[in-house]
Structures are given as structure tokens and as C-alpha cells.
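A.B. asks: Sequence:
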Amino acid sequence: MDILRTDQEINNECLAVCDAEYFNCSKNCENSDCLRKCAEEVIACENSCPCGADCPTGCVDCPEHPLCADECEDAQLNNNDYQICLNAAIYELDFCLKTCPPEMGCHNSCYENYTQMLFLCPCIEQETTTTTQISTTTTEISPIEPSDVFILVIPNLVEESYLQSGDGSSQVSTTINAPENNYADNAAYALVNGKLHIFGGYYDRTKIARLDDCTFNELTVRLNEERKNGHAALSIENGKKALICFGWTGDIRKTCEIFDGSTTVSTFSA
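Taking the working numbering, the leading residue of the sequence shown gets -7, the next gets one more, and so forth.
Read the hints as simulated data drawn from the structure, not as lab findings. In this text, all values refer to a predicted model and were calculated from it rather than measured experimentally. Where a beta carbon is used, it is the ideal one built from N, C-alpha and C, also for glycine. Please note that a few of the clues may not be correct.
[Claimed, not checked] Straight-line C-alpha distance at most 25 Å; calculated DSS-like pairs for lysine-lysine: (1) 246 x 220; (2) 232 x 246; (3) 29 x 19; (4) 199 x 232; (5) 233 x 199; (6) 29 x 90; (7) 90 x 19; (8) 220 x 187.
[Stated by the list, open to error] Now the in silico label distances, taken between C-beta atoms and shown as ranges: (9) 1 x 76: 15 to 21 Å; (10) 171 x 110: 23 to 29 Å; (11) 7 x 89: 46 to 52 Å; (12) 87 x 231: 47 to 53 Å; (13) 95 x 145: 25 to 31 Å; (14) 110 x 20: 52 to 58 Å; (15) 260 x 31: 38 to 44 Å; (16) 212 x 107: 32 to 38 Å.
Whole structure, please, built from the sequences with the hints as guidance.
C.D. replies: If you want it as C-alpha cells, here you go:
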């Protein structure tokens, strides 16, 4: 059975490959131009490694890298995070069912809570409840019921995060990993390329972090302005970018910038 490696272990292996390629390249050089070209190639190689400049948060940024294994392939056998999450959900389900009176409502509630917990596990494929039937003349779309939708709520203290059902009938606590408990305090939120991003806030006024599975990963790119509170973020261009504007005091209240997933650019101001 394969053992999943950490991003840092993959980075070390990748750097070793880059060093070997540089050695093979430079040993055949007879002039400085050749050595310079080899040096440029090794820099590009190192930047492309998981945790390198082009993939700052590891394999999640470059899943196509040859050293990045598919962590969700045979996750039930090889992915420790998935196994821990699944076992916790099964334990809660078992405890819930055993303490239920002989009432179907209680049992159904146990399975609903189990499903909500699974939603937070890495590698779980969440099936949409929207179906489209296409024929030569008609398209039928069944709407999503409020009870089938779960809203992730992240308060100022990350440890208080929870999932709220769309119809308000149920609520279950969840675990979000972050460097500090106040990491999201007064940050602005927006979806970029299908991923939740947070911008600024009390903890770090220029930070940009992305929620991968249940972990906030801070990106190397920063906001151009310090946005402690009073700012807002909005997904634009069909979710490909985010517009971040305003602040609480001073000239920052009149500024905006655009984030495209990798860079920030200052834009119009009032």
C-alpha cells in the first residue's frame, strides 16, 4: 500500500530531481552561455515544484505535477485525513442510532447529521440535487430544496464554525483549520474559481487565503492596501476574479483592487 507523502517531502524529492537535471545539463557545457541556460532551467524546475514559487501551497496548486499523486484515488485505503473524518462520522452515526427511541424521525435525523459530517471530509464527491433532462424539445430542471443545501458559517472565531441547513432545521458544528482562531475575524469573503477566499481582516490586513477542503491556506500574493475592517469583496467575471473595495477609515475607503487567483491589481477609486 502506498503511503501518502507530505507536500514538503514531495518538494524535497522534486528539488533533488532538479539538481540531478542541472548536473546532467552542466557536465556537458563548454561555455558560460550553456551554464547560464542550465541555471535558468533549474530555477524554472524548482519554481514548478510543489511548495515552489508556482505552487506555493503544494500539490493543491499543481495537481498535474508528475510527483503529485491523486490523494483521492483509493482514499479509503491511502488517505489518512479521509479515513479519520469518515471514522468520526461513523462513530457519531452509531452513537446516535443506538440512543434513538423507536421513532423514524430520530433515525432520519441521525443519517442527516451523518451526511452533513461527510460533506466536510476530503475527497467526498457531493452530488447535486439539480438534474437536467435534455430531449429534442424540452429541458426539465428540478429545483434544489432548501433542506438539501448546507451553508458554511465562519464567525470571527474559526473554532465556532458550523454548517446550517438551508431551511434552518438543523445545524452541526464543523472544524476549520487556520493558523489562529481569529484568522477570519473581519475578513471579506468571495468565491474565485470555485474556491472560497478571504481577504484582509484583523489578523493580517493584507492577507489572501483560500479554503482547501477544511483548511485555510495563505497565498503568497497580498492585497495592495491594508484592509483591516469595513471592506467588502465580490465575485466578478463569472467567478473568475474578485473585486475587493473600501475600508473603515482614511483614503482606503475610496480604493478597490481585483484578484484573479494569483495576482492583485489596483483598479478604480472614488
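A.B. asks: Please go over all the hints and tell whether each is borne out by the structure.
C.D. replies: Quick rundown of the hints versus the structure:
1. 246 x 220: Holds - the C-alpha atoms of residue 220 and residue 246 are around 14 Å apart, at most 25 Å.
2. 232 x 246: holds, 23 Å
3. 29 x 19: With a Cα-Cα distance of about 13 Å, the restraint between residue 29 and residue 19 holds, given a limit of 25 Å.
4. 199 x 232: Cα-Cα ~19 Å, so holds.
5. 233 x 199: holds, 16 Å
6. 29 x 90: Not OK: residue 29 and residue 90 at ~67 Å, beyond 25 Å, violated.
7. 90 x 19: violated, 69 Å
8. 220 x 187: holds, 22 Å
9. 1 x 76: 15 to 21 Å: holds, 19 Å
10. 171 x 110: 23 to 29 Å: Holds: the Cβ-Cβ distance is about 26 Å, inside 23 to 29 Å.
11. 7 x 89: 46 to 52 Å: Because 50 Å falls inside the window, the suggested range holds.
12. 87 x 231: 47 to 53 Å: violated, 39 Å
13. 95 x 145: 25 to 31 Å: holds, 29 Å
14. 110 x 20: 52 to 58 Å: This hint holds: roughly 54 Å between Cβ atoms.
15. 260 x 31: 38 to 44 Å: Given range 38 to 44 Å: holds, Cβ gap about 42 Å.
16. 212 x 107: 32 to 38 Å: holds, 36 Å
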